[in-house]
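Chains V and S, in that order, are what the protein sequence lines are.
Take my numbering: the final residue in the first sequence is number 323, and no numbers are missing along the way.
Take my numbering: the final residue in the second sequence is number 257, and no numbers are missing along the way.
Treat the hints as calculated values from the structure; they're not laboratory data.
From the three backbone atoms N, C-alpha and C, an ideal C-beta is built for every residue, glycine too.
No false leads were mixed into what you were given.
Cβ-Cβ distance ranges computed for the label pairs, FRET-style: (1) V/158 to S/200: 37 to 47 Å; (2) S/18 to V/122: 26 to 36 Å; (3) S/251 to V/127: 51 to 61 Å; (4) S/33 to V/222: 30 to 40 Å; (5) V/170 to S/253: 39 to 49 Å; (6) V/185 to S/251: 55 to 65 Å.
Some chain S residues near chain V, calculated using beta-carbon distances under 7 Å: (7) 13; (8) 17; (9) 129; (10) 130; (11) 131; (12) 138; (13) 147; (14) 167; (15) 172; (16) 183; (17) 220; (18) 226; (19) 235; (20) 236; (21) 239; (22) 257.
Residues of chain S placed beyond 10 Å of chain V at every Cβ, according to the derived structure: (23) 20; (24) 56; (25) 86; (26) 114; (27) 154; (28) 201.
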Amino acid sequence: MTLAFVEREGSDPTEETLEMLTLARELADGDGESLDVVAFAGGSRLSVDELGAYGVDEVYHVVHDRLDGYAPEAWGESVAQLASDVDPSAVVAPGTDRGHEVLAHVGATLDVPMAANCIGIDVVEDGAYELRRNRWGGSLIEHARLEAGTTLLTPAEHEFPIEKAESTTDPSESEFTPSLEDTQFRVQVERVERADEEGIPLGEARVVIGGGRGVGGPDAYDQLEELADLLGGTVGASRAAVNEGWRPHDDQIGQTGAKISPDIYIPCGISGAVQHMVGCKGAETILAINTDPEAAIIQKADYAVIGDLHEIVPELNDTIREA
Amino acid sequence: MNVLACIKRVPNTGAKIVLTDDEQRIDTTNLGFTMSPHEECAIEEAVQQTEAHGGSAHVLTLGPEEATEQLRTGLAMQADEATLLEAGDEEWGPRATASAIANGVRELGDDGAEFDLLLFGNESADAANYQVGTRVAAELDLPCVTGIKSLDVEDGTAIARREVSGGEEVYEIALPAVITVKEGINEPRYASMRAKMQARRQDVDRREPTADTGAGTYEKVRLEAPETAESEAEILGDGTDAVANVVDVLESEVEVI
Ligand SMILES: Cc1cc2nc3c(=O)[nH]c(=O)nc-3n(C[C@H](O)[C@H](O)[C@H](O)COP(=O)(O)OP(=O)(O)OC[C@H]3O[C@@H](n4cnc5c(N)ncnc54)[C@H](O)[C@@H]3O)c2cc1C
Ligand SMILES: Nc1ncnc2c1ncn2[C@@H]1O[C@H](COP(=O)(O)O)[C@@H](O)[C@H]1O
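Could you put together the complete structure from these sequences and hints?
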């Protein structure tokens with residue numbers, strides 16, 4: 001059996017969860033075994049209606065009087081206890097902050113290996129897994145062999161499509177109550193503070209204008225802001241620009257920043273380091289503006305303009321405004 | 001308050017990653033080395049917390065002798081002490097790494113260096129296993145929270161914040177604790193020339209790592225550099241002459257104007 005840890009928003013599974021279920025179902029089908037999921041009750045409960053479309057056979061609701069909110073250690077311990085009871089060959093979690101955190105606790109509790117960021121998995125003879133996983137934010141792939149009583153896996157972000165199962169199932173439901181101790185509640189969410197969202201978040205923007213070291217200073221970002229406004233987009237930055245203190249870290253695109261997937265990304269004065277490019281892999285079209293025709297970004301872009309962004313961007317703004 | 005920051009030496013890859021012929025590692029012939037931005041922030045946080053609350057900031061790595069270079073980066077950023085768990089050239093997996101770090105922390109404790117806060121990167125730059133910090137916490141029976149982007153310490157309690165969609169989760173954790181951080185939690189300082197010179201003369205504490213292995217095995221077979229579409233971009237022109245073509249792409253192809 002494959003056991004999948006489901007994150008929910010209200011009573012619905014999150015998008016990342018549905019992506020993860022594509023991987024989990026591949027594993028279960030490959031083994032000819034069942035696909036079971038575990039979700040935490042509290043406030044509301046995961047609705048099982050939709051899950052049948054994704055081939056889920058059984059839903060375990062974790063029910064516990066102290067488990068109202070998120071508590072990483074207690075959640076990890078609960079999943080580990082359930083896993084010890086139902087003995088899955090694999091436990092899969094979404095490739096999110098929470099998915100990784102909960103699964104790492106399961107790994108520590110069961111003392112078994114865990115492989116994060118998987119992009120492809122084959123079950124080979126003797127129950128071992130041959131897998132491929134992302135390294136360096138996806139600019140390198142590692143081929144590895146994993147053998148364990150229980151295999152712990154997360155998919156790489158947006159690597160698996162959301163896909164319904166070939167035949168719909170009718171999931172059965174049951175409750176699972178873990179036995180938890182005080183120490184497992186040492187860490188829990190005390191409160192959630194809402195933030196005021198200004199503008200379009202980078203991850204959701206349809207148009208992103210990127211500014212790198214070539215922008216030369218904080219003031220010249222005004223031109224990029226203007227272009228973004230004209231195109232209904234948002235401004236992002238390279239790490240070099242953030243390190244210079246020109247832009248806040250929230251604007252950073254790349255391996256340790258935001259991942260974007262706009263219709264068009266326009267990097268200005270950005271050289272195209274691999275750690276930057278893994279953040280904009282999802283862009284439909286890349287149009288680079290750079291003084292250096294040899295810059296790596298020119299190889300990686302669809303379109304390029306060779307020249308000084310300080311001349312090109314204002315002229316472009318004027319032309320669009322007049323059009 | 002004593003704070004430990006754990007860091008990992010990795011190649012500073014440029015615009016393209018080249019592998020060795022045996023596909024076991026990155027060809028570093030022409031490369032420098034660095035650490036994850038998350039880990040630079042862990043060092044900065046360790047230094048800032050000890051500047052605010054007293055005590056000492058300590059950096060630790062498990063890696064080859066050459067990793068003293070990254071420890072010295074930490075010292076130049078005003079960490080007080082550095083420990084190398086000297087592990088040779090082979091990369092250790094996350095479980096063995098965590099076990100070795102936990103054992104190293106116990107040894108340091110026996111030698112009088114007790115830590116109130118153990119800081120890690122949320123994930124390493126190269127391997128991104130998302131687990132070493134959590135496993136160290138489990139071995140040492142310490143509370144642990146990951147992915148933190150804001151940290152305050154008050155009266156022995158860490159108030160840690162994690163970004164979630166639409167806001168922040170707030171955690172309050174009694175120290176000692178393990179916290180893994182993300183870039184953006186602070187702005188790491190640039191070390192001055194003078195600080196770098198001083199760091200070069202500072203002692204690095206060297207130890208033999210020991211690790212216990214658990215059930216199951218994870219073995220790296222080989223690395224692969226994915227084919228990146230080396231499609232030379234269509235050049236729309238030089239300088240402002242290109243503007244009309246850019247507008248054309250925006251209008252007819254991407255349809256954003
Ligand atoms: C583990 C790790 C993680 C990292 N994570 C990230 C990340 O998340 N995001 C990220 O961006 N980087 C990241 N980096 C850093 C990355 O390796 C590069 O150092 C960084 O992306 C370089 O930024 P840049 O392109 O702005 O600067 P540079 O590489 O200095 O490039 C500047 C470019 O601007 C051009 N230019 C100069 N003047 C002009 C002008 N007037 N008009 C037009 N063009 C001009 C130049 O030709 C050059 O191509 C990471 C590094 C490591 C090791
Ligand atoms: N060899 C190492 N030496 C010291 N710390 C490490 C090492 N490997 C990983 N870490 C720490 O653990 C964090 C998470 O690593 P990982 O689980 O590999 O993603 C890193 O950001 C480092 O802070």
